[in-house]
Amino acid sequence: MKVKNVNIDIALTHIFTRKKQTIVAALGVMLGIAVYLFMNSLSAGFTRYSTNEIFKNSAHIKLYKEDAISEPLIPSADTGQLNVIVNPQILQESKKLINPQALIQQLKQYPFITHAIAQVNVDVFYNNGKSQLTGTANGVDITAADAMFNITSYMLAGNLHDLQDNVNAIVIGKGIAEKLNLGLEDNITITSSQGVNKLLKIKGIFSTGNTFTDQSKSYVNIHTAQQFAKENTTYVTTIYANTNNSDRAIQYAKKIQPSMRYKVEAWQITNADVLSGNKVRSTLMGAISLSILIVAAFGIYNILNMTVMQKLNDIAILKATGFSKKDVITIFVTEAVIMGLLGSVAGLLMGAILIAIMANIYMGPPAGYFPIYFNATIFAYSFLLGALVTFCAGYIPALKAARIDPVEIFRK
Amino acid sequence: MSEKKAILRTEGIGKYFYTPVKFKVLDGISFEAYKGEFLTLVGKSGSGKSTLLYCLSTMDSDYEGKLYINEEQVTGKKADELAALRNNSIGFIFQFHYLLPEFSCLKNIMLPALKKQAYSYEEIETRAYEKLKLLGIEDQALKPASKLSGGQQQRVSIARALINDPDIIMCDEPTGNLDSKNTQIVFDTFKKITSELGQTIIAVTHDLDFAKASDRTIELADGKILTHNKTFQ
Ligand SMILES: Nc1ncnc2c1ncn2[C@@H]1O[C@H](COP(=O)(O)OP(=O)(O)OP(=O)(O)O)[C@@H](O)[C@H]1O
Ligand SMILES: [Mg+2]
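Chains as they are written, first to last, in the numbering used here: chain A, 1 to 412; chain B, 1001 to 1233.
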């Protein structure tokens, strides 16, 4: 064998003359990396799944009128007069956003905003005969809403676009249809909290997979919703906007807020509970998989430590003939890195196979296929981490080897 | 006398060991070794011969006094500089041959030269073959080092000591494990190296015949130089 660098030459010779140990060490790393990759892909898959669930209902950014609280203290105008103290309470103000079209135009000025739509949400009762359910009717421009929430993808029956320009149509959640025993083209009586009654025709049924949503949510034409609220055609309660990067929604919301008199809220704030659940899960999985990887690295550490102990004479003679500390470190770190690289590549392959198998397991609706997927970042991250961990595992025994005093060895 | 060139010189080298009790193992060692000289160190067991050799070899830098190699002060240099100095200027031969068992004889000889990188791989290979030929074991070149007899292994380690054409070759009982025939081969090689190639040999030995036949012998007793017999002409 002819290798340019003598240190690498020696390292390779050690590796090739101890194939068994090399393979054992590499197998350890392989398992560690495979588990790390798999668990983190799983965790990312779950997170993506639950985020998608969130985006079925909420946009990246929501603009609405926040409830105002009355001032608890009204100070007197003049000295000598009484101050007025009242219990702070929510002011009964209209949730109306003033001039929604201008707001939407203003939002669309920002380069990161991709969609923005107006919506009228009204609390309603769904009635069929004596049965009654409470819920929220969402008045939307259905084409724009579909572009934003991709409602079509979870339609069970009917056609969403029948809502367009039809003030007598409604699309309801699967739970409402089941509880009230209603089907497509059936009529449903809706009563709004403002006391408006309407008979609407069911033009579609959707299923988001979330039982609560499916039992309470419906889509109607925006004008229908305005009539339910007893308001005119400029009445809008909420503006939803999507951005080019949902992860940056908080920063984007902060950027928009100063120019708006209404509350601008990012989806992460609205769904903090779900996100903190995700975070706990990712942290847990990350910690478990990292510990497995570290255990694997201990395999490399052990084997190299053994090699160093067995090769005291060789190391002494190398140092005697002019190999420096740095050379000795290079030799043993190279051995660790070779084991680590072999293990990492095999581990990535094994992880990829596991992911491919899991991704093909069908779990039934609403989740569909197991929520795991190939993510280049996680692959790169696993590989880098594997390289780093094996480097450290190799560096410690290498340092020990470099510190060997040849005189002590020759005296024995 | 004046044309003799000192290749190695010591000034009052002393050394202590602290375990189990503090004692002075070397005391005021001052001598010179000349270019082309075959110098032997003798003395009773425990007199400090090996300890002195390790100081001279630069592997042990924990001593008092000064060491010069090629008129350059070595004492006080950094570990990396010393490693480079050993690589360039000093060859080692030990009683136990200390070859790297996974490598062929040829590769064992080449390693210090591959580290030095003064020649290309092919040139180093050619030079390693020359050294093997000098020692009469070129037929063993490609065998793993662990598969050789003791005498053959010692000749491989001599070839390794010679590969970088060092100024000084240091040996600790190079013939301690060898029979008389192999001892003779080693001795003849040393003679050839010093007289023909002008390299210096400093060898610790217990073999008094071996010492007598060398150019000069220094005798140690209790860490001090007892006698300098024979002068190097
Ligand atoms: N690491 C050490 N710590 C303490 N004392 C030591 C150490 N190494 C050697 N000695 C002592 O130093 C003295 C000199 O030892 P050294 O090995 O130099 O002797 P030597 O002349 O080479 O003997 P031999 O002919 O048996 O090889 C001995 O008394 C030995 O016991
Ligand atoms: Mg000795």
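Just so you know, the hints here were simulated from the structure itself, not pulled from any lab data.
These numbers come from a predicted model, not from an experiment.
Using N, Cα and C, we set each Cβ at its ideal position, and we do this for glycine too.
The reader is advised that the hints may include incorrect statements.
Said to hold, decoys possible - What follows is a list of derived Cβ distance ranges for each label pair: (1) B:S1120 to A:M309: 51 to 61 Å; (2) A:R403 to B:S1146: 45 to 55 Å; (3) B:H1228 to A:I23: 32 to 42 Å; (4) B:G1176 to A:K326: 32 to 42 Å; (5) A:R403 to B:E1130: 28 to 38 Å.
Kindly indicate which numbered hints from before are broken by the structure, ordering the numbers from low to high. Structure breaks hints 1, 2, 3.
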